[in-house]
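As you go down the protein sequences, you meet chains A, B and C in turn.
Counting with the numbering used here, you get residues 1 to 51 for the letters of the first sequence.
Counting with the numbering used here, you get residues 1 to 225 for the letters of the second sequence.
Counting with the numbering used here, you get residues 1 to 274 for the letters of the third sequence.
Hints listed in this document are in silico derivations from the structure and should not be mistaken for laboratory results.
From a predicted model like this one, the values you see are computed outputs, not experimental measurements.
Check each hint, because a few of them may be wrong.
Think about it this way: if two alpha-carbon atoms lie no more than 25 Å apart in a straight line, the pair counts; the simulated SDA-like pairs of lysine to any residue are [claimed, not checked]:
1) B:11 with B:32
2) A:48 with C:150
3) A:48 with C:261
4) A:48 with C:109
5) A:48 with C:205
6) C:259 with A:11
7) A:48 with C:201
8) A:48 with C:265
9) C:201 with B:209
10) A:48 with C:41
11) B:49 with C:109
12) C:144 with B:173
13) C:144 with A:11
14) C:144 with A:20
15) C:201 with B:137
16) C:259 with A:38
17) C:201 with B:214
18) C:259 with A:12
19) C:259 with A:45
20) C:144 with A:48
21) C:201 with B:196
22) A:48 with C:46
23) C:201 with B:107
24) B:49 with C:205
25) B:123 with C:203
26) C:144 with A:38
27) A:48 with C:264
28) B:49 with C:103
A few chain B residues that face chain C, going by a derived Cβ cut-off under 7 Å, partial list only [said to hold, decoys possible]:
29) 163
30) 166
31) 167
32) 170
33) 173
34) 213
35) 214
36) 221
Label pairs and their calculated CB-CB ranges [stated by the list, open to error]:
37) C:172 with B:88: 24 to 32 Å
38) C:225 with A:31: 28 to 36 Å
39) B:78 with C:151: 42 to 50 Å
40) C:258 with B:65: 34 to 42 Å
For each residue, glycine too, the CB sits at the ideal point set by N, CA and C.
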Amino acid sequence: MSAAVVAMEDVGFILATYIATFVGSVALAAYYLRRGRRLAAQLPPEDKPWG
Amino acid sequence: MFRIARLIAAKDLRIELRSRVVTNQVLPFAMIVMVMFAFALKTDEVVEKVAPGLVWLATLFSLLILVQRAFAIETADGATEAMRAAGVDPAGIFLGKALALAAQLAVLEILLLILAVVLYNSKLHAGGVVLLVTTLLAATIGLALVGTLYGGLAAGVRGRETLLPLLLLPVVAPVLIGATRATEAALGTSGAVVSDGWPWLGLLGVFVALFSVGGTLAFGPLIEE
Amino acid sequence: MPDTDTSAMQLTTDQASDAARSAARSAASSSVRRSSPTGTPFTRVLGIATLISMALLVLFGLFLSPEDVVQGESVRILYIHVGTVWVAYVAFGVTALASLAFLWKRTTSLTWDRIAGASAEVGVLFMALTLFAGAIWGRLSWGKFWVWDARVTTTAFLFITYIGYLAVRGLGGSHQQRGRRSAVVALLAVLEIPLVHFSVKLWRGLHQDGSVSDTTKVKLHDLMLFSLFISLIAFTLLFVWLVMHRQRVLAMQDALEDKGLDFALEQRRSEAGL
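Turn these sequences into a full structure, and let the hints guide you.
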């Protein structure tokens, strides 16, 4: 995409950063959602006032 | 509040005088730490240069043990709960324990300074004495306040003591930086001059102010069960 | 709850890798939207907005924005780094404010305490990501993973401090105790930030080893500035989404603990024949 010469190792680091960030965020999100599902199964609706 | 503080401080110090835990265990620990620092560093020149930092590091590590000890004597018989149930002002407990801790710390620091002169070839000189003494005072008070505060938080219940180093060491970072730089100035290490040290003393002062107010306010809610 | 068509989430991009990445994200989100008890219509919309802005971030950050005159391609890390550090500090601000609110009202409103906890948890993640991206960027820009200047050191300090905060939250005891203890720790930590920042600044300022933080002044033009804004928006949306869900999970956890306690008490009572 860019016209200039790209140092090959740089690209690796940059991609690694983006991937690590997204993997980390998705992992945390998945953990929260899974936890939520498991806990919600054990509780009656009055303990879930938001939904 | 101050009457309670005096009573509590006297009690803590009396316990120490009778049990001699600090003199028999903590001071030797500090001495060993100072010796091991020298082992870890390569040359005399390096050691001489970093001596002030080593003194304060050894102080901080010893602080952890001192704080643990200060609260172990409380939780052993549920003394803190009893005091609170009796309506003793928590701010008074806080100041009293901090005072006792400060006294023990001061003894420790003086010993470590002497050791630095002996082991690390640090040189005390007349021009820096005022700065040195004020730094010791300010840093000691600051460390005692913070130590008592977080010690109260982490005291007693099993599994809580291991938390103390993690909580306390980051918090005392400004004291480490400030006290070390001021001590360097007072001792003339690495070409520092006494006038370099006074800004750092200001920093220590802010730290003391912050935690004397914050600690007095926060100690009550923290030990409330 | 009906899911929206996942194909609507498939954004066309130039690169296969980007398509793969958004496919993975939408797959995760669709499997999750099937039954998400901590979700509400608001968080669903928020989630979609987050995914869209993240995709835009990747598009602009990695592809459409130009490389920097000085920094070259490594400036692209900045689009992640600035976003995460922004959120990390916002998170700790939220924790501090929520802690203040909890102590102030002294009500049984543990919601404030839970918001503080949720925000700190998310903050720790973003702090870690910030330090990671920052280290990589430092390595590429000036050859070092780390530099002892005020901003970097304070960030590391905050990171460790909030790990300690989370440990304090895990100490046990009643929910009120937890709230009180962690609120105090959070507020003291926040008050210490300027102190730490200033001490490091004073410390390193005296040494002047070519303070490297000055070379972080990057000239920002148009697309680069735009990419930065997208980053800020995307990560802020993500932050809010994560904290809302986490707060609700914590609420359920607390409710479950209370029920467990009630149940145990009931058992004891029936055993005693009351």
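Against the structure, the hints:
For the hint linking residue 11 (chain B) to residue 32 (chain B), the alpha-carbon distance of about 29 Å lies beyond 25 Å, and the restraint is violated. Restraint check for residue 48 (chain A) and residue 150 (chain C): the C-alpha separation of about 44 Å exceeds 25 Å, so the hint is violated. This hinted pair checks out: residue 48 (chain A) and residue 261 (chain C) have alpha carbons roughly 19 Å apart, not beyond 25 Å. At most 25 Å may separate the alpha-carbon atoms for a hinted pair to count; residue 48 (chain A) and residue 109 (chain C) meet this at roughly 15 Å.
For the given pair, residue 48 (chain A) sits about 53 Å from residue 205 (chain C) by alpha-carbon distance, which is inconsistent with the 25 Å threshold. Of the pairs offered as hints, the one joining residue 259 (chain C) and residue 11 (chain A) is violated, with about 52 Å between alpha carbons and a cut-off of 25 Å exceeded. The suggested pairing of residue 48 (chain A) with residue 201 (chain C) is violated, with an alpha-carbon distance near 47 Å, which exceeds 25 Å. At most 25 Å may separate the alpha-carbon atoms for a hinted pair to count; residue 48 (chain A) and residue 265 (chain C) meet this at roughly 23 Å.
This hinted pair checks out: residue 201 (chain C) and residue 209 (chain B) have alpha carbons roughly 20 Å apart, not beyond 25 Å. At roughly 14 Å between alpha-carbon atoms, residue 48 (chain A) and residue 41 (chain C) fall within 25 Å of each other, so this suggested pair holds. Taking the CA atoms of residue 49 (chain B) and residue 109 (chain C), the gap is about 54 Å. The hint is violated against a cut of 25 Å. For the suggested pair residue 144 (chain C) and residue 173 (chain B), the alpha carbons sit about 23 Å apart, so the restraint of at most 25 Å is met.
About 17 Å separates the Cα atoms of residue 144 (chain C) and residue 11 (chain A), which keeps this hinted pair within 25 Å; it holds. Between the alpha carbons of residue 144 (chain C) and residue 20 (chain A) the distance comes to roughly 20 Å, so the proposed pair stays at or under 25 Å and holds. The straight-line distance between the Cα atoms of residue 201 (chain C) and residue 137 (chain B) is roughly 24 Å, inside the 25 Å bound, and the hint therefore holds. For the suggested pair residue 259 (chain C) and residue 38 (chain A), the alpha carbons sit about 16 Å apart, so the restraint of at most 25 Å is met.
Distance check on the hinted pair: residue 201 (chain C) and residue 214 (chain B) sit about 24 Å apart at the alpha-carbon level, within 25 Å; holds. The hinted pair formed by residue 259 (chain C) and residue 12 (chain A) fails the criterion: a straight-line CA distance of about 50 Å is larger than 25 Å. About 14 Å separates the Cα atoms of residue 259 (chain C) and residue 45 (chain A), which keeps this hinted pair within 25 Å; it holds. Of the supplied pair hints, the one linking residue 144 (chain C) and residue 48 (chain A) is violated, its CA atoms being roughly 49 Å apart against a limit of 25 Å.
The hinted pair formed by residue 201 (chain C) and residue 196 (chain B) meets the criterion: a straight-line CA distance of about 15 Å does not exceed 25 Å. For the proposed pair residue 48 (chain A) and residue 46 (chain C), the alpha carbon gap of about 19 Å is at most 25 Å, so the pair holds. At roughly 31 Å between alpha-carbon atoms, residue 201 (chain C) and residue 107 (chain B) are farther apart than 25 Å, so this suggested pair is violated. Restraint check for residue 49 (chain B) and residue 205 (chain C): satisfied, since their Cα atoms lie roughly 19 Å apart, inside the 25 Å limit.
Between the alpha carbons of residue 123 (chain B) and residue 203 (chain C) the distance comes to roughly 23 Å, so the proposed pair stays at or under 25 Å and holds. Straight-line distance between C-alpha atoms of residue 144 (chain C) and residue 38 (chain A) comes to about 44 Å, which puts the hinted pair past the 25 Å bound. This hinted pair checks out: residue 48 (chain A) and residue 264 (chain C) have alpha carbons roughly 22 Å apart, not beyond 25 Å. Straight-line distance between C-alpha atoms of residue 49 (chain B) and residue 103 (chain C) comes to about 46 Å, which puts the hinted pair past the 25 Å bound.
Hint status for residue 163 (chain B): holds, given a least beta-carbon distance of 6 Å to chain C, under 7 Å. Restraint check, residue 166 (chain B) versus chain C: the minimum CB separation of about 5 Å is within 7 Å; hint holds. Contact between residue 167 (chain B) and chain C, as hinted, is supported at the beta carbon level, the nearest pair being about 5 Å apart and thus within 7 Å. Look at residue 170 (chain B): its Cβ gets to within about 5 Å of chain C, closer than 7 Å, so that hint holds up.
Interface restraint check: residue 173 (chain B) against chain C, minimum CB-CB distance 6 Å, threshold 7 Å, status holds. For residue 213 (chain B), the suggested interface contact is broken, since its CB lies about 10 Å from the closest CB of chain C, more than 7 Å. Hint status for residue 214 (chain B) relative to chain C: holds, with the closest Cβ pair at about 6 Å, below 7 Å. For residue 221 (chain B), the interface hint holds, since its Cβ comes within 7 Å of a Cβ in chain C; the closest pair sits about 5 Å apart.
As the Cβ distance of residue 172 (chain C) to residue 88 (chain B) is approximately 25 Å, the hint placing it in 24 to 32 Å holds. For residue 225 (chain C) and residue 31 (chain A), the hinted distance range of 28 to 36 Å is satisfied, since their beta carbons lie about 34 Å from each other. Look at residue 78 (chain B) against residue 151 (chain C): about 46 Å separates their beta carbons, and that is inside 42 to 50 Å. The supplied range of 34 to 42 Å is met by residue 258 (chain C) and residue 65 (chain B), whose beta-carbon atoms lie about 38 Å from each other.
Violated hints for the displayed structure, listed by number in ascending order: 1, 2, 5, 6, 7, 11, 18, 20, 23, 26, 28, 34.
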